[in-house]
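S.K.: Here's the letter readout for the chains.
2 protein chains.
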Amino acid sequence: MIIQKSTAPRISEFDPENFSFGNMFTDHMVICEYEDGKWGEVKLMPYGPLPFTPAMMGVNYGQACFEGMKAYKDKDSQVFIFRPEKNFSRINKSASRLAMPEIPAEVFLEGLKALVDLDRDWIPYGEGNSLYIRPLIFATEEALKARISNKYMFAIVATPAKSYYSAPVSVKISDYYSRAANGGVGFAKAAGNYAASFYPTQLANEEGYEQIIWTDDSTHEYFEESGTMNVFVRINDTIYTPPTSEKILDGVTRDSFIQLANKRGIELKVEPISVKSVIEAHKNGTLKEIWGVGTAVVTTVFKAIGYQGEKLELPQLPLEESFALTLQKDLVDLQTNVAEDPFGWRVLVEKSI
Amino acid sequence: MIIQKSTAPRISEFDPENFSFGNMFTDHMVICEYEDGKWGEVKLMPYGPLPFTPAMMGVNYGQACFEGMKAYKDKDSQVFIFRPEKNFSRINKSASRLAMPEIPAEVFLEGLKALVDLDRDWIPYGEGNSLYIRPLIFATEEALKARISNKYMFAIVATPAKSYYSAPVSVKISDYYSRAANGGVGFAKAAGNYAASFYPTQLANEEGYEQIIWTDDSTHEYFEESGTMNVFVRINDTIYTPPTSEKILDGVTRDSFIQLANKRGIELKVEPISVKSVIEAHKNGTLKEIWGVGTAVVTTVFKAIGYQGEKLELPQLPLEESFALTLQKDLVDLQTNVAEDPFGWRVLVEKSI
Ligand SMILES: Cc1ncc(COP(=O)(O)O)c(C=O)c1O
Ligand SMILES: Cc1ncc(COP(=O)(O)O)c(C=O)c1O
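Residue numbers (the working numbering), protein chains in the order written: chain Z, 55 to 407; chain W, 55 to 407.
The set of hints was computed from the structure by calculation and includes no laboratory data.
Honestly, I wouldn't trust all of these hints.
Identical copies look the same in the list; a pair holds intra-copy or inter-copy alike.
Here are the simulated SDA-like cross-link-like pairs (lysine to any residue), alpha carbons at most 20 Å apart as the crow flies [unchecked claim]: (1) Lys205 / Thr107; (2) Lys205 / Pro105; (3) Lys205 / Pro103; (4) Lys199 / Gly102; (5) Lys330 / Thr340; (6) Lys317 / Val392; (7) Lys330 / Tyr230; (8) Lys59 / Lys323; (9) Lys317 / Glu156; (10) Lys140 / Arg188; (11) Lys317 / Glu275; (12) Lys205 / Leu104; (13) Lys405 / Asn391.
None of the values given here were measured: they were computed from a predicted structure.
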């Protein structure tokens with residue numbers, strides 16, 4: 055690995071008590087370039103602009119995929135990342151589906167640890183605080199032919215992130231727009247999937263909903279995901295979540311919730327969730343909770359679901375009664391080294407640079 | 055418009071007899087940036103790299119769409135572009151669906167004409183030669199939150215293009231992969247649509263097919279497009295093409311073919327084409343031609359279609375008998391000022407810079 059430390063670090067400008075998420079970047083970034091059929095050497099270098107022309111294939115033909123993960127600091131200033139091998143294997147699944155080269159494990163994992171290590175002062179300590187880390191791969195060849203690119207860049211950038219707490223939201227069950235086609239790229243963290251979701255989400259926002267519950271594009275009868283999160287439904291004391299498929303992202307948080315529910319002995323069924331069954335459960339009073347999960351906010355609890363012009367209110371349960379909040383706390387405590395980690399999910403980032 | 059001419063033009067290195075399409079760019083490019091809710095001034099400047107970080111939203115969340123159009127030179131070195139207002143309105147349809155700001159007509163059309171005018175020496179003269187022009191819009195804000203970007207770049211770059219002639223190809227009717235979801239972005243020239251199509255196309259290539267005939271993702275029973283082209287089927291002496299929809303790109307070449315067929319009095323029906331009807335027509339000998347149309351190659355004739363493991367051969371008709379080749383010639387003659395233009399499609403690019 056080539057390490058080039060910043061000669062003009064901005065860390066002194068960073069106020070962990072007062073910052074906004076997502077547009078302040080740590081002092082360094084990881085870069086690795088692919089050319090002539092192979093990945094080059096990993097560089098850890100100052101965060102900043104690189105030269106690209108508008109003919110860059112990544113912005114023309116959309117070969118671009120990414121990951122989202124977090125690093126946490128405990129009370130002793132130890133730094134941990136969470137299940138990084140899951141993100142590593144997922145970025146390669148995304149890359150393959152987009153006909154992009156896979157990243158070798160050492161490029162991904164060593165680059166990741168080196169960046170988090172070197173920029174550890176950028177990780178805010180405290181409840182819900184973390185460093186949000188963005189590995190991505192995109193096509194960099196300059197060419198105007200709709201074909202597979204011959205050049206790529208793998209990069210990792212990072213930004214301090216605040217409290218995972220997010221207020222309960224209202225969500226609309228989609229009966230027209232969809233995020234994934236059968237035989238499409240819904241399971242991949244493909245850049246284009248997000249752009250495609252913004253306009254339908256904006257329309258839902260205008261109707262008073264924060265997010266969309268995406269349903270299958272053929273019939274709109276089955277839940278897929280919610281916003282950019284996997285979705286869980288609790289009916290009586292059983293939790294349901296749809297099986298992952300080529301249309302559903304295999305979320306790390308989803309998988310962790312499933313294992314944490316099992317550990318607690320909460321009944322959880324991985325099976326298709328029909329819109330009809332959710333509406334019926336709401337009518338007969340057995341629908342207890344619906345929530346979304348993902349790395350960015352861990353859990354977003356839903357307070358209402360919109361369906362065919364009606365807004366159905368959901369009960370708001372306190373922590374002791376809520377499966378969503380209980381499992382969220384279990385996960386956050388594990389991630390931040392407040393609780394034991396029987397699963398071996400936490401990975402310590404040693405000081406070495 | 056700000057005009058900054060190149061002080062190091064590369065035009066002398068350009069050999070119109072010997073170049074490869076798509077990776078040699080003309081001396082200039084058009085750039086216009088969007089910020090604070092409005093588009094800035096248009097710049098015509100030397101082609102080259104601009105500074106972007108890997109946090110650029112365009113490569114993270116895929117807000118990026120483009121157009122493809124051509125400029126032609128006639129025997130008197132007059133330069134023409136073809137139906138530019140169609141590409142202008144389509145890029146704005148694509149932009150809207152991706153929650154991106156629309157481009158004003160003057161930015162698009164004046165930028166386009168200025169670039170083609172200034173770089174007119176890059177347009178090769180001769181049969182099938184042209185300048186391929188790529189307008190695009192992509193998100194440029196640096197932010198790691200999956201939301202609509204606040205900053206965009208509109209750009210136009212161009213590359214000399216060779217003969218539209220392409221050898222007849224074999225195509226595979228897709229029975230698994232698809233390019234568009236119901237309620238998705240198939241009708242938009244969204245960057246992500248192309249990335250999504252590469253891997254399925256690669257698999258088809260390995261089976262001996264150059265392209266895929268995309269079918270509807272729910273049933274795979276109806277033709278949508280072929281590769282990155284609209285598709286036409288001739289059964290006996292009637293031409294069929296699917297109606298445009300939210301899953302099918304509204305191609306300029308498709309529309310031109312329809313009007314040219316009407317002008318010649320060839321029967322043409324815009325209606326859904328079922329896979330079954332095509333296979334049946336092949337069996338009973340009434341399937342005469344299948345071809346794809348698009349700006350890049352105008353027409354690609356199909357010599358075989360693959361369906362469920364079988365490769366069905368198609369007759370190869372000479373120009374006099376082929377509707378595909380006859381309409382292609384009509385269109386190319388019109389585009390290159392060899393024939394009259396009763397439609398008013400050709401737009402002269404005056405010398406003014
Ligand atoms: C579409 C989509 N679904 C689900 C998730 C949740 O995945 P994870 O828990 O791995 O963050 C994400 C990412 O946050 C996502 O983008
Ligand atoms: C998906 C797709 N379909 C069809 C076409 C044909 O459109 P046009 O004739 O406007 O070039 C294109 C662009 O070339 C395309 O990308």
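S.K.: Hints first: check each against the structure and report whether it holds.
M.R.: Verification of the hints:
In this assembly of identical chains, the alpha carbons of Lys205 and Thr107 lie at most 20 Å apart whether taken from the same copy (14 Å) or from different copies (17 Å). Taking CA atoms no more than 20 Å apart as the test, Lys205 paired with Pro105 passes in both settings, with 14 Å inside one copy and 18 Å between copies. For the homomeric pair Lys205 and Pro103, the shortest alpha-carbon distances inside one copy (18 Å) and between copies (16 Å) are both at most 20 Å. With identical chains, the CA atoms of Lys199 and Gly102 are at most 20 Å apart between copies only, with a shortest distance of 18 Å across copies and 29 Å within one.
Taking CA atoms no more than 20 Å apart as the test, Lys330 paired with Thr340 passes inside one copy only; the shortest distance there is 13 Å, against 47 Å between copies. Proximity of Lys317 to Val392 under the C-alpha cut-off of 20 Å is restricted to the intra-copy arrangement: shortest distance 17 Å within a copy versus 76 Å between copies. With identical chains, the CA atoms of Lys330 and Tyr230 are at most 20 Å apart within one copy only, with a shortest distance of 16 Å there and 28 Å across copies. For the homomeric pair Lys59 and Lys323, neither the shortest alpha-carbon distance inside one copy (49 Å) nor that between copies (65 Å) is at most 20 Å.
With identical chains, the CA atoms of Lys317 and Glu156 are never at most 20 Å apart, being 34 Å at best within one copy and 51 Å at best between copies. Taking the closest pair of Cα atoms, Lys140 and Arg188 come within 20 Å of each other only inside a single copy of the chain (14 Å); across copies the shortest separation is 38 Å, beyond that limit. Taking identical chains as interchangeable, the C-alpha atoms of Lys317 and Glu275 are never at most 20 Å apart, the minima being 31 Å within one chain and 46 Å between chains. Taking the shortest Cα distances, Lys205 and Leu104 sit within 20 Å of each other both inside one copy (15 Å) and across copies (18 Å).
In the homo-oligomer, the alpha carbons of Lys405 and Asn391 lie at most 20 Å apart inside one protomer (17 Å), although the nearest pairing across protomers, at 70 Å, exceeds that limit.
Hints 8, 9, 11 from the earlier list are contradicted by this structure; the remaining hints agree with it.
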